[in-house]
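Protein chains in written order, with the UniProt record's numbering: chain A, 1 to 258; chain B, 1 to 317.
Honestly, I wouldn't trust all of these hints.
Result set (DMTMM-like, lysine to aspartate or glutamate): computed pairs, CA atoms no more than 25 Å apart in a straight line [what the hints assert, rightly or not]:
| id | chain 1 | residue 1 | chain 2 | residue 2 |
| --- | --- | --- | --- | --- |
| 1 | B | Lys35 | B | Asp162 |
| 2 | A | Lys252 | B | Asp28 |
| 3 | A | Lys251 | B | Glu21 |
| 4 | B | Lys20 | B | Glu64 |
| 5 | A | Lys167 | B | Glu90 |
These are calculated hints, taken from the structure and not from any lab test.
The residues making up each chain are set out below.
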Amino acid sequence: MTTLWNVIRVNTKKEYVEMKRYFANTLSLLLTFYIIFLAMFFGIQVIGDPAEAGANTQFIIVNYIFWYFAMMTLQSIGWTVSDEAMRGTLEQLYMSPMGAWRILLSRLSGMIFIHFLIVILLLFLSMLTTGEWLNLNPAATIPILLLTIASMIGVGFMIAGLSIIFKQISAFLQILQFIIMGLTFVPLSVAPYLIAAPFVKGVDMTRQIMIHNYTLADFSISDYSWLIANAVVYGIIGVSVYLACERYAMKKGLLGHY
Amino acid sequence: MDSIIKVDGIRKIYKMRKTKEIFVAVDDVSFEVEKGEILGLLGPNGAGKTTTIKTICGLLVPDEGAVTINGFDSVKKRNKALRHISAVLEGNRNLYWRMTVEENLEYFAGNRGMSRKAMKPHIDKLLEQFRLKEKRQELVNKLSRGMQQKLAIAVAMLADTDVILLDEPTLGLDVETGYEVREILRSIAKKEGKTIIISTHDMPVVQDLCERTVIINNGRVIADESVDHLLQLFKTSAYQISLKEPITDEQQEMLKFEFPLHSWKGLDLQVSLEEEQEIYALMDILKRNHTPIETINRTEINFEKVFMQLVKEEAAS
Chain A
1 MTTLWNVIRV NTKKEYVEMK RYFANTLSLL LTFYIIFLAM FFGIQVIGDP AEAGANTQFI
61 IVNYIFWYFA MMTLQSIGWT VSDEAMRGTL EQLYMSPMGA WRILLSRLSG MIFIHFLIVI
121 LLLFLSMLTT GEWLNLNPAA TIPILLLTIA SMIGVGFMIA GLSIIFKQIS AFLQILQFII
181 MGLTFVPLSV APYLIAAPFV KGVDMTRQIM IHNYTLADFS ISDYSWLIAN AVVYGIIGVS
241 VYLACERYAM KKGLLGHY
Chain B
1 MDSIIKVDGI RKIYKMRKTK EIFVAVDDVS FEVEKGEILG LLGPNGAGKT TTIKTICGLL
61 VPDEGAVTIN GFDSVKKRNK ALRHISAVLE GNRNLYWRMT VEENLEYFAG NRGMSRKAMK
121 PHIDKLLEQF RLKEKRQELV NKLSRGMQQK LAIAVAMLAD TDVILLDEPT LGLDVETGYE
181 VREILRSIAK KEGKTIIIST HDMPVVQDLC ERTVIINNGR VIADESVDHL LQLFKTSAYQ
241 ISLKEPITDE QQEMLKFEFP LHSWKGLDLQ VSLEEEQEIY ALMDILKRNH TPIETINRTE
301 INFEKVFMQL VKEEAAS
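Sequences are here, hints too, so could you generate the full structure?
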C-alpha cells in the first residue's frame, strides 16, 4: 500500500510540474473552456425562455463542469499513452515492477485531483459570472462524485488500451468530446435508457443535489444500485480491456512503437 | 558461476499486415549471462538484437522459448522478473525533457515504489557518481547529449537491480563523454557486481568493456564467445599479403573459389585462413603467374574486423 502511495505521489507531482512548465498551454485550456461556457450562457440568454433563464443557467453550469471533468478524465490516459510512446518513455513505464496499469491509474488520480481543483475554480467563476449560486453540499456530492469517477476511469482505461495498440487516436478523441457532451448534457428524464451508460447516473444525481437541493437521503435504493453497478461494471471492464490490449501489444510487439 | 539470465530458444515471428508475409525476427536464440558479467550483444541492423532485448525486458512475448531472470519467467512472472532488471532502451529519449535532473530521478524511483526518504541518499550518490550534482536543478532539455545519456543510465541504476541492460549507451556521444560513460559502466560492474548487457554497434566499447559477446545475425546466434578468444582466433588466421603487381583474372577466379571471403585494398590482399596449411594453397595461386610478393604479415586484428568477418562468413554460408 505504501509503495502504491509512492507511485501516486510522484505521478501527481509530475502532472503538477508539467502543467506548471507548460503554463501557457494550461492557461489557454482554461480560457478556452471559460469562453465555451460564456458562449453557452449568452446563447441561453438570447434564445432561451426568459421565465426559465435561472434554471437553465444552473443546468448549464453543472453540465458544463461535468463535461470538462469527464473529458479530462476520459481522454487523459489515452493522450498519456500516445504522448509517452512518442517521447520514448512508455517502455520505461512498462519496466516498472509495479505494473504499467498501476502507474497509469496513479497518473490519472493525480490528473483528477488537479483537474478537480480547476473544476472548483471554473465552478465559482461560472457562478460568479452568471449570479446563479448552486447548492454545493460536499457531504452529498463527494461520495456520488467518487463513484461517478470510478466509471469514468473505467472508460479511460478502455481508451488507454486502444491507444497502446493504435497510438494515433486523436481523431477518435475529438469525436469522443461530443459523445461526452451528449452523456453529460442530456438528463435521464429525457433519455432514461442512458442510465446504463457510463457516469450518466452519477451526473444526474449530482444535478439533483446541486440544482434541486437533494440530500443523500432523498435518493432511492434503486438510484444507489445503478450508481454502484455503473462504477463497478465500467471500472472492471475498463481495466480488463486495458490489460487485454496490453497483452496483445506485447505479443505483436506494439509497445513503444509510434 | 550462476546464470542470472537464461534465454532459452526464443523465436519471434511477425506477420506483415498488408502482404501477410512472415518475417522471422529471432529463431532459436539461446544464451546465458552470468552474475557480474558484462556481455556485448551485437549484430547488424535488423539482425534481431532489439527483439532479443525487448524479450529479455519482458516487453515482448516470444512465440516459442522463454527468458528467465534470476529464476523468474519474464512473461509468466513478469513483475517479479522486473525487480531484477532495469534498462536504458532509447537513451536520452527515456527521460522527461521538461523536468529537471532531480525530478526525473525522483519520478522513476517513485514509480518503482520507493519512498521519498529511501530515494534521497540513493539519488545523491548517483548524482555524485555520474558527476551531475551541479546540474540537479537543470531541465533535461538544457543538458548536453552526453549528460542526458549519463542521466538515462543513472535512472536505470536507481532501481538497484542485479541486471542493467543498455541499448547503444554511447550512441551520438563525443569521444570524451563516450570514454567517461565506459568508465562509469566498468566501475558499476566491478565495484557493485552488476550484470550488464550492452547492445551496441560501437566495437571499441565491446573490445574495451565486454568479457563475452553474443553475435546475432538474421535472427540467429552466430557466435557466443569470450571477446579475448575471438580476437585470438582471428589474429592467428588473418593475413595481409602485399603484392608488387596485380594478379591475373585466372588467379582472381581461383582466389574467389578457394578463399571466398578475401578482400583487396589496392595491391594488398587480405585473407583469413581456416587452417594454417591453407597458406600453401594461397601461395600456389600466386605462384601460377609468378606474382611478385612484397611482404606477408599477420593482420593486426580489432573487434570490428572480427565482427565483420563473422557476419560475412555467416552470409556466405
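message: Between the alpha carbons of Lys251 of chain A and Glu21 of chain B, is the straight-line distance 25 Å or under?
response: holds (17 Å)
message: What's the verdict on Lys252 of chain A and Asp28 of chain B, does the C-alpha distance respect the 25 Å limit or exceed it?
response: OK: Lys252 of chain A and Asp28 of chain B at ~18 Å, within 25 Å.
Satisfaction of hint between Glu64 of chain B and Lys20 of chain B, Cα-Cα up to 25 Å: holds (20 Å)
field: Restraint check for Lys35 of chain B with Asp162 of chain B, where alpha carbons must lie at most 25 Å apart
entry: Roughly 8 Å separates the two Cα atoms, so the pair holds.
- request: Please work out if Lys167 of chain A and Glu90 of chain B have their alpha carbons no farther apart than 25 Å.
  value: holds (18 Å)
When held up to the earlier numbered hints, the structure conflicts with none and fits them all.
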